[in-house]
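Trainee: Put the complex together from the two separate chains, hints included.
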Amino acid sequence: MNGSKHDRAGGRAEPVTVRFAFTPAAAYVRAARLVAADVAAHAGVATGLLDEVRQAVGEACTRAVLRHRDRGLEDLVRVEFSIGDRFVAKITDNAQDLRARPNGRVGAAVPGGDARASDHDTIEEDTLSEEITLIVLGGLVEDLVVTGPDADGGTTVSMSWPLPGSGSSTDH
Amino acid sequence: MRGTAGDGAAEPELGLGLSTVGEYAVISVTGEIDMYTAPQLREAVRQLSSEGRMRVAIDLTPTEFCDSTGLGVLIGARRRLSDAGGSLVVVCGNPRIRKLLDLTGLDKVLDVREAVPGE
Numbered sequence: 001m002n003g004s005k006h007d008r009a010g011g012r013a014e015p016v017t018v019r020f021a022f023t024p025a026a027a028y029v030r031a032a033r034l035v036a037a038d039v040a041a042h043a044g045v046a047t048g049l050l051d052e053v054r055q056a057v058g059e060a061c062t063r064a065v066l067r068h069r070d071r072g073l074e075d076l077v078r079v080e081f082s083i084g085d086r087f088v089a090k091i092t093d094n095a096q097d098l099r100a101r102p103n104g105r106v107g108a109a110v111p112g113g114d115a116r117a118s119d120h121d122t123i124e125e126d127t128l129s130e131e132i133t134l135i136v137l138g139g140l141v142e143d144l145v146v147t148g149p150d151a152d153g154g155t156t157v158s159m160s161w162p163l164p165g166s167g168s169s170t171d172h
Numbered sequence: 001m002r003g004t005a006g007d008g009a010a011e012p013e014l015g016l017g018l019s020t021v022g023e024y025a026v027i028s029v030t031g032e033i034d035m036y037t038a039p040q041l042r043e044a045v046r047q048l049s050s051e052g053r054m055r056v057a058i059d060l061t062p063t064e065f066c067d068s069t070g071l072g073v074l075i076g077a078r079r080r081l082s083d084a085g086g087s088l089v090v091v092c093g094n095p096r097i098r099k100l101l102d103l104t105g106l107d108k109v110l111d112v113r114e115a116v117p118g119e
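Chains A and B, in that order, give the protein sequences.
Start counting the first sequence at 1; every next residue gets the next number (the working numbering).
Start counting the second sequence at 1; every next residue gets the next number (the working numbering).
Treat the hints as calculated values from the structure; they're not laboratory data.
One or more of the hints may lead you astray.
Computed footprint of chain A on chain B; a stretch qualifies when at least three of its residues, placed anywhere within it, have a C-beta under 8 Å from a C-beta of chain A [claimed, not checked]: (1) 26-35; (2) 66-78; (3) 93-104.
Pair ranges (Cβ atoms, derived) [what the hints assert, rightly or not]: (4) 87/B / 74/A: 39 to 49 Å; (5) 146/A / 46/B: 27 to 37 Å; (6) 80/A / 61/B: 29 to 39 Å; (7) 42/A / 52/B: 50 to 60 Å; (8) 64/B / 42/A: 18 to 28 Å; (9) 48/A / 30/B: 22 to 32 Å; (10) 149/A / 113/B: 36 to 46 Å; (11) 102/B / 34/A: 22 to 32 Å; (12) 64/B / 139/A: 16 to 26 Å; (13) 139/A / 17/B: 21 to 31 Å; (14) 147/A / 23/B: 27 to 37 Å; (15) 95/B / 80/A: 27 to 37 Å.
For each residue, glycine too, the CB sits at the ideal point set by N, CA and C.
Isolated chain B (complex conformation) (with noise of 0.2 Å):
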């Protein structure tokens, strides 16, 4: 039972469209994330890194909610591409999603953007 949705239950859905913009791996995120989703944003990340795509742009204009497990990841991201010598940028021109990273002050932690840069 544990870690399924369930009979009838409709799906979290979690959209991830890959693209690439100038020198950015660009990650554009449609429905969900939350602590059920999130993790396969942190594997994209993990993947595009792994593939030696440091400098990753996550696109949150498209995403319907986001709640503080998707800023976790978020956080985590920005970190370890700091730490490979790669970057993170949060583009992000939904209002709703931009107050919560306005009021985390996780806007001054992370590159946030209006749009991908080089776009």
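In isolation and in its complexed conformation, chain A is listed as follows (with noise of 0.2 Å):
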């Protein structure tokens, strides 16, 4: 119905796994979110949800580039998409805070941000980016678990979208 190019009710052995890492740079954020589309589509995500498939894999991604350039973290970014029962994507950090910052307080010392302390409102937007991140990632995705920071390691989102055929749907 909704033109899976894969035969699920076949079944399948074994998740099928798309992974790949981009360093933190703005420029590579459209490459992701064009690829969680591409791979989504392959995978049966029903039309209608591609967009928010897009959408929010360049929301967790340009957070966690946001992440990364506060902290001066040069650390790739981690993204995959797993297909099983359903659609899995988990964007992961290196960033061990919580928050970039607390809400418009751009005055805390920050090693390595001097060199954009000059431009104070592209900081500020910034810092409200990744608030409206997750703010967006909340309103648009039903499956959505934020977790870490953890000793070794920064936050992963991780997302979930119905697949037909697998009997898991919370399509809305």
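Mentor: Structure, rendered in structure tokens:
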């Protein structure tokens, strides 16, 4: 009905995984969200949900890049899509703070932050944007879990969407 | 490597068209607004305000995609223009972006309209 390219009724022995990582730069967020939409379409996610997948993965990657940028981290942002009962997207950063900064407070001592401190508006909008990414994700994605940070890593945004024939549809 | 689109990668495209409707300077945005392209929109608003154009309308109706970074630019632009005695109108007849404004509650914070005032 919705053009799945896989015969899901036939079952799949093991989940399919697409995994990549990217330098935390703004230029690559678009690539990540386009890959997300393409993998989701290939998995059979309903056409009407593909915009949501694209937006949500873009928001999660934007958040990760902002968090790395804020801490001066060059570590790669990790992205993983898996196709099993549902289409699952996980975006993991390496920033160990729950939030980049307290809301709107840009004067805190941030290692490596001085180079950008002259652009007050940009920093304020970046801080604002991290907040908004979570608001957008919360409003957009029904199955959303943000975990971490933990001792050896940052946070992971996990999201999932139903696949046809999975019997676990919570479509909305 | 940082800050560029890299070899062979499609450039995220953002188009900014400038016009005047009544007393508003209108920025019509085509393409995708994300954290890579949003600085261009921010700069366009700055440029207008530096020229004394304090009434600005950002038209998102033809915009293909907008993420939270774009929303951050809208909020920043509204604040800067208001502080200078001006105003920002967000024109949005685009249901996808309208939904984004609604679910973030920004439809209540920003002056969102179907058309540029005076059009």
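Trainee: Now tell me if each hint is right for this structure.
Mentor: Against the structure, the hints come out as follows:
Interface restraint, the segment 26-35 of chain B with chain A: holds (3 residues with C-beta to C-beta distance below 8 Å; minimum three). Three residues within the 8 Å Cβ limit are the bar, and the segment 66-78 of chain B against chain A gives 8, so the coverage statement holds. For the segment 93-104 of chain B, the proposed coverage by chain A is satisfied: 4 residues have a C-beta within less than 8 Å of a C-beta in that chain, meeting the threshold of three. Separation of residue 87/B from residue 74/A is about 41 Å and conforms to the stated range, judged on CB atoms against 39 to 49 Å.
Between residue 146/A and residue 46/B the beta carbon distance is about 33 Å. The supplied range of 27 to 37 Å therefore holds. Taken as a hint, the range 29 to 39 Å holds for the pair residue 80/A and residue 61/B, whose Cβ atoms sit roughly 35 Å apart. In this structure, residue 42/A and residue 52/B meet the distance hint of 50 to 60 Å, their C-beta atoms being roughly 51 Å apart. As the Cβ distance of residue 64/B to residue 42/A is approximately 22 Å, the hint placing it in 18 to 28 Å holds.
Distance hint check for residue 48/A and residue 30/B: the Cβ-Cβ separation is about 24 Å, which falls inside the suggested range of 22 to 32 Å. With their beta carbons about 41 Å apart, residue 149/A and residue 113/B fall inside the hinted range of 36 to 46 Å. Roughly 25 Å separates the CB atoms of residue 102/B and residue 34/A, a value that falls within the hinted 22 to 32 Å. At about 20 Å, the CB distance of residue 64/B to residue 139/A agrees with the hint of 16 to 26 Å.
Checked against the hint of 21 to 31 Å, the C-beta distance between residue 139/A and residue 17/B comes to roughly 30 Å, which is consistent with it. The hinted window of 27 to 37 Å between residue 147/A and residue 23/B is violated, with their beta carbons roughly 50 Å apart. A beta carbon spacing of about 31 Å between residue 95/B and residue 80/A agrees with the range 27 to 37 Å that was offered as a hint.
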